[in-house]
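Participant: Okay, here's what each chain looks like letter by letter:
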Amino acid sequence: DTEVTQTPKHLVMGMTNKKSLKCEQHMGHRAMYWYKQKAKKPPELMFVYSYEKLSINESVPSRFSPECPNSSLLNLHLHALQPEDSALYLCASSQDQSSGNSYEQYFGPGTRLTVT
Amino acid sequence: EDQVTQSPEALRLQEGESSSLNCSYTVSGLRGLFWYRQDPGKGPEFLFTLYSAGEEKEKERLKATLTKKESFLHITAPKPEDSATYLCAVLWGGSQGNLIFGKGTKLSVKP
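Protein sequence lines correspond, in order, to chains S and V.
For the first sequence, position 91 (counting from the first letter as 1) is numbered 91 according to the working numbering, and the numbering increases by one without interruption.
For the second sequence, position 90 (counting from the first letter as 1) is numbered 1090 according to the working numbering, and the numbering increases by one without interruption.
Derived by calculation from the structure, the hints in this document are not laboratory data.
The structure presented is a predicted model; accordingly, all values stated were derived computationally and were not measured.
Please note: incorrect hints may appear among the correct ones.
Ranges of calculated distance between the beta carbons of each label pair, as one might list FRET restraints [said to hold, decoys possible]: (1) V:Lys1063 x S:Ser62: 43 to 51 Å; (2) S:Ala39 x V:Gly1054: 22 to 30 Å; (3) S:Asp96 x V:Pro1080: 19 to 27 Å; (4) V:Glu1056 x S:Thr114: 21 to 29 Å; (5) V:His1074 x S:Tyr51: 18 to 26 Å; (6) S:Glu67 x V:His1074: 26 to 34 Å.
Each computed DSSO-like pair below joins lysine-lysine, with the alpha-carbon atoms no more than 27 Å apart [said to hold, decoys possible]: (7) S:Lys18 x V:Lys1059; (8) V:Lys1069 x S:Lys40; (9) V:Lys1069 x S:Lys19; (10) V:Lys1103 x S:Lys41; (11) S:Lys18 x V:Lys1106; (12) S:Lys19 x V:Lys1057; (13) V:Lys1103 x S:Lys40; (14) V:Lys1110 x V:Lys1068.
Virtual Cβ for every residue (Gly too), placed ideally from N, Cα, C.
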């Protein structure tokens, strides 16, 4: 089973709202990722968690706050977003993320976020 | 300068018309090259991993190959359901484990 699940599928929020995106995997993977994808563009990496610790933050604005409660779950907390943050938010996981390994990443279906 | 370049940007084929998609890379110390398929509004679906020059992998009508500078995704006798955007991504020595994606090739297969 190579399934990564994400909820919700769609989210519409105002610029003053607080919302959260959720991601879950049960493959025993120890690395989890958040990506942002705009229309007709490739995914852009936002955050990487390795063994439940934040290992990469690609200079993402603080209105995006990631959280990894345990090895199977990854959240992305959203607050005071801007309309330009509207995009498809993708979660992914891989077996590992250390420099010596090259494991493929498995992506979830994404959350389509619209900021009004 | 892009480190991963895919061509063409878009490709239209008739059903049964075989062709190839290209992914060229300029990174050094390649640790892995990955092919994904992405349907509109959905997450990328993993297809293949290639690690070293000369390696080939196949899955149904798709075959991926790797050289020292590029990878090809060959599509044999495509069907309309093969229509999607195909993404190439690389993992290299200096990337700390995160993928560098190309911009993708949008494939349309007409019946």
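Participant: Decide, hint by hint, whether the structure agrees.
Facilitator: So, going through the hints one by one against the coordinates:
1. V:Lys1063 x S:Ser62: 43 to 51 Å: 45 Å, holds
2. S:Ala39 x V:Gly1054: 22 to 30 Å: 37 Å, violated
3. S:Asp96 x V:Pro1080: 19 to 27 Å: Because 37 Å falls outside the window, the suggested range is violated.
4. V:Glu1056 x S:Thr114: 21 to 29 Å: 42 Å, violated
5. V:His1074 x S:Tyr51: 18 to 26 Å: Because 38 Å falls outside the window, the suggested range is violated.
6. S:Glu67 x V:His1074: 26 to 34 Å: Taking Cβ atoms as reference, Glu67 (chain S) and His1074 (chain V) lie about 42 Å apart, which means the hint is violated.
7. S:Lys18 x V:Lys1059: 43 Å, violated
8. V:Lys1069 x S:Lys40: Between Lys1069 (chain V) and Lys40 (chain S) the Cα gap is close to 25 Å, so the pair holds against 27 Å.
9. V:Lys1069 x S:Lys19: 43 Å, violated
10. V:Lys1103 x S:Lys41: 6 Å, holds
11. S:Lys18 x V:Lys1106: Not satisfied, since the Cα-Cα distance of roughly 35 Å exceeds 27 Å.
12. S:Lys19 x V:Lys1057: Violated, at about 42 Å.
13. V:Lys1103 x S:Lys40: Holds, at roughly 8 Å.
14. V:Lys1110 x V:Lys1068: 33 Å, violated
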